[in-house]
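A.B. asks: Could you build the full structure based on these sequences and the hints that come with them?
Chains as they are written, first to last, in my numbering: chain A, 110 to 226; chain B, 831 to 944.
Do not rely on the hints blindly, as some may be mistaken.
[To be verified] Derived coverage of chain A by chain B (criterion: at least 3 residues anywhere in the stretch with Cβ under 8 Å from a Cβ of chain B; other residues may be distant):
1) 147-159
2) 198-207
3) 213-219
[To be verified] Chain B regions said to be covered by chain A (calculated; three or more residues, Cβ under 8 Å):
4) 866-877
5) 885-891
6) 929-938
[Said to hold, decoys possible] For the chain A half of the interface with chain B, some residues (derived, Cβ under 8 Å), not all of them:
7) Tyr142
8) Phe144
9) Gly210
These are calculated hints, taken from the structure and not from any lab test. These figures come from a predicted structure and were not determined experimentally. Cβ coordinates follow ideal geometry from the N, Cα and C atoms, glycine included.
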Amino acid sequence: AQKVTQAQTEISVVEKEDVTLDCVYETRDTTYYLFWYKQPPSGELVFLIRRNSFDEQNEISGRYSWNFQKSTSSFNFTITASQVVDSAVYFCALSGFANFGNEKLTFGTGTRLTIIP
Amino acid sequence: DAGVTQSPTHLIKTRGQQVTLRCSPKSGHDTVSWYQQALGQGPQFIFQYYEEEERQRGNFPDRFSGHQFPNYSSELNVNALLLGDSALYLCASSWDRELNSPLHFGNGTRLTVT
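C.D. replies: Printed below as a string of C-alpha cells:
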C-alpha cells in the first residue's frame, strides 16, 4: 500500500521569508512518481512538479525548489522569498509506474500555507 | 485551449437521493479520473475511465458509478446519498499515450448532502 504523510497541517510565514513543506512517503514499488500540487481557494489542483524514483537530482524553478531523498523517503518543497500569492494548500502525491496511461495518485492530507503581508 | 470543465459548481442534495456530476476533459485528453476530497483532506481516487470503460477503481462502494462518452466526457453518479458523501469532487484528465503524466484537474463540484 502507498502512503503519503504531510505532518505540517498549517504554516504561516511573513512575506519574503523562506518556507519548506515536508513530505514523507511509503511504497513497496521500486519505480514510482512523486508530485506536488497547489490548491488555491478556487479548488483546482495546479501541477507543480513530477519526479520519478530514478532521478534524485534536486530541482529549482524560479523561487521553488524540491529536495528528493530516497534514503529518507522524503520529497520536500521549499519556497524562497515567499509572496502572498503563494498562499494555498499544497499537496504531495505518489503514484506507481503505469504501463499505460496513469496510475492513481495517493495524496497526503495537505499543508495550508499562509503568507502574511 | 479549454482546460478541464466540471458542472455544476455546487449542488445540494438530500440523503437517499441520487446525483450526477459531469466533466469535460482538456482538449486532446482521452482519460478521465475522478477524485473525492473531503473537507480538510487530500483527494481520494474513485475511478478512472478510458475508452468508455472503467480501468481502475479505488476503495469506493458500488453506489459510486461512472460513465465515459465517445467524446471522452464523463459522468460520476452517486446513488443513495449519505451525509458522508459531502465533499468536493474533482475530475482530472490525461492523455493515455503520455505515460505517468501529470493530471490536469478541474475546479470541482462541491456536493453538500443534508
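A.B. asks: Would you mind marking each hint as holding or not holding in the structure?
C.D. replies: Evaluated hints:
Residue count for the region 147-159 of chain A with a Cβ under 8 Å from a Cβ of chain B: 7. That meets the three needed, and the coverage hint holds. Counting residues of the region 198-207 of chain A whose CB lies closer than 8 Å to any CB of chain B gives 5, so the stated coverage by that chain holds, three being the minimum. Figure legend: the region 213-219 of chain A, annotated as covered by chain B; annotation consistent (7 residues with Cβ-Cβ distances under 8 Å, at least 3 required). Residues of the region 866-877 of chain B lying with their CB closer than 8 Å to a CB of chain A number 6, which satisfies the three-residue condition for coverage.
Only residues whose beta carbon comes within less than 8 Å of a beta carbon in chain A count, and the region 885-891 of chain B has 3; three or more means the coverage holds. Evaluation of the coverage hint for the region 929-938 of chain B: fulfilled, as 10 residues show C-beta separations to chain A shorter than 8 Å, against a requirement of three. Because the smallest distance between the Cβ of A/Tyr142 and any Cβ of chain B comes to about 5 Å, under 8 Å, the interface hint for this residue holds. For A/Phe144, the suggested interface contact is upheld, since its CB lies about 7 Å from the closest CB of chain B, less than 8 Å.
Contact between A/Gly210 and chain B, as hinted, is supported at the beta carbon level, the nearest pair being about 4 Å apart and thus within 8 Å.
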